[in-house]
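Line by line, the protein sequences give chains Z and D. Take 101 as the starting number for the first sequence in this note's numbering and just add one per residue. Take 9 as the starting number for the second sequence in this note's numbering and just add one per residue.
Keep in mind that the hints are not guaranteed to be accurate.
With a straight-line Cα cutoff of 20 Å, these simulated SDA-like cross-link-like pairs (lysine to any residue) come out [said to hold, decoys possible]:
1) K224/Z / R59/D
2) K167/Z / R87/D
3) K60/D / R421/Z
4) K165/Z / R41/D
5) K165/Z / Q43/D
Partner residues aside, some chain Z positions facing chain D, computed with beta carbon under 10 Å [stated by the list, open to error]:
6) R162
7) K165
8) D198
9) K224
Everything labelled a hint here was simulated from the structure, so no lab data went into it. We treat Cβ as the ideally placed atom computed from N, Cα and C, and that holds for glycine.
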Amino acid sequence: MIAPLADSQRVVITGIGLTAPNGNNLAEFRDSLLAGRSGVSPYEIRYVGKTLAGVCQFDELRYQKRKDVRRGTRAGGIGIYCAQEAVRDSGLDWPNVDLSRVGIYVGVTEHGNVETENEVYELKGYDYDTKFWSHHHNPRTVANNPAGEISLNMGITGPHYTIGAACAAGNAGLIQGAQMLRLGDCDVALCGGVSESIHTFGIFASFKSQGALATHDDPARASRPFDQARNGIVVAEGGAIFVLERFEDAKARGAEIYGELVGYAINSDATDFVLPNPQRQAECMQLAMKRAGLVPAQIDVVSTHATGTGAGDVQECIALRQVFGESKPTLLNNAKSFIGHAMGAAGALELAGNLPAFKDGVCHATINVDDLDPECHLAGLVTNEARETGGVQCILNNSFGMLGINSVAIIKKV
Amino acid sequence: MKAEDIREAVAQILADIDPDEDLSELKDDVPFREQLELDSMDFLDIVMELRKRYRVQVPEEDYGQLASMASTVAYLEPRMRDLEKV
């Protein structure tokens with residue numbers, strides 16, 4: 101058991117803003133997850149043609165002018181929407197918040213592909229004469245763009261940057277925010293992850309070439325982690341930004357607290373570009389629990405990372421059985437089965453979608469499991485229908501990415 | 009293109025660059041920057057769009073000529089008079 105932290109070192113979530121393919125705020129998203137409502141739809145993108153994707157329908161003009169939408173990036177626009185919604189949700193007295201003490205830490209899987217592809221496509225029309233290459237290219241493609249657009253939109257003068265962490269980025273953004281609060285680098289952290297990846301043909305084409313792009317006649321059934329008939333990833337866009345504060349600050353202002361980040365870990369496989377390493381994934385979960393002073397039996401819900409690929413799901417299940425095999429109370433679910441893989445936003449969105457379980461005591465399901473792959477057997481896997489629990493105290497959120505990056509965040513009810 | 013066509017072309021570019029502004033009240037003799045929220049990147053958009061749409065190259069030393077609608081049309085008129093209206 102580790103010594104309890106001082107209130108000044110405890111970090112809590114006090115606000116959530118999100119857009120997912122099946123909901124543009126936490127209430128809508130949660131409702132879709134409990135109702136089994138998919139957000140995957142037919143989609144078409146240049147060169148690749150007809151495919152499937154998780155597409156968000158949030159109101160871009162709620163917090164941005166048309167001119168800013170035109171000038172900026174989709175990732176920036178998603179980040180702005182989520183950050184603005186998160187701040188409103190937090191109940192912070194924003195006009196009186198010292199904006200130099202607000203930090204912005206946004207996880208991204210990739211950034212710049214969309215804008216570069218668009219510019220090259222345009223340039224083709226001018227016979228590749230670079231005189232026609234936009235002066236907007238650099239500000240749109242710098243790696244800090246999604247975080248920087250939030251700073252510009254909201255007048256936040258504290259630190260802003262992105263955390264490039266492949267598909268582990270949503271958790272990585274959250275973790276960075278917590279670390280900066282503990283270091284005293286900021287008093288409010290806006291953190292999480294965003295994805296504009298459905299707007300780059302390259303990500304679809306690359307998954308297709310890898311044999312990892314999902315296809316199905318029914319879009320809603322295409323993303324099917326753990327199912328025998330799974331055949332790859334459905335790419336999604338989206339975002340989730342959390343407001344993090346120190347527990348003492350949140351308590352002092354009487355904030356509503358979603359939960360406390362009691363443990364986290366990031367490690368590396370150091371074994372393969374794409375094939376996950378279950379041993380390292382297990383070690384990452386164990387390290388996060390050790391830091392939280394928790395044992396597997398105290399984890400009520402595990403939000404799995406599984407993306408619906410043949411090998412990836414099996415690897416994670418090996419890790420999950422190693423860690424939670426003997427833990428009867430632990431339930432496991434998966435949000436990608438509803439919305440596809442929201443890349444840099446995935447970890448943050450999937451965590452957000454589970455947090456209402458602290459109040460409603462329900463574990464949402466992983467849908468589209470018609471024929472469970474025996475290699476994906478997990479004792480507590482909640483398939484197809486949401487399940488009432490006896491109450492949720494701790495949620496463990498897995499988020500893993502290419503090049504062997506693993507991230508785990510554990511949130512506890514306060 | 010006649011002067012009035014060029015004015016219309018520039019107005020369309022402005023409308024595309026700054027879609028939130030009402031350009032119906034634009035005064036031709038008053039600098040753009042005194043009437044519209046245009047920064048240097050927007051200004052470069054005007055230059056780029058003239059290049060893309062009309063293949064008109066405005067060298068950097070001439071940027072000052074694009075200060076207002078009147079000066080822009082006057083500057084562009086000899087460079088665009090032989091173009092067909094798009």
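### Query
Is the shortest C-beta separation between K224/Z and chain D less than 10 Å?
violated, 13 Å
### Message
Hint validation: R162/Z versus chain D, beta carbon distance must be below 10 Å. Holds or violated?
### Response
Violated. Min distance 14 Å.
### Task
Under 10 Å, Cβ to Cβ, is where D198/Z needs to be relative to chain D, so tell me if that hint holds or is violated.
Hint on D198/Z: violated, closest Cβ of chain D at ~27 Å, above 10 Å.
### Task
Assess, step by step, whether the Cα of K167/Z is no farther than 20 Å from the Cα of R87/D, and give holds or violated.
violated, 29 Å
### Query
If you draw a straight line from the CA of K165/Z to the CA of R41/D, is it 20 Å or shorter?
Distance of about 18 Å is within 20 Å: holds.
### Pair hint outcome, K165/Z versus Q43/D [Cα-Cα no greater than 20 Å]
The hint holds at about 17 Å.
### Query
Would the pair K60/D and R421/Z pass a check requiring their Cα atoms to be no farther apart than 20 Å?
violated, 59 Å
### Query
Minimum Cβ distance from K165/Z to chain D below 10 Å?
Interface hint status for K165/Z: holds (5 Å vs cutoff 10 Å).
### Task
Sort out whether R59/D lies within 20 Å of K224/Z, counting only the CA atoms.
holds, 15 Å
Taken one by one, the earlier hints fail for this structure at numbers 2, 3, 6, 8 and 9, listed in ascending order.
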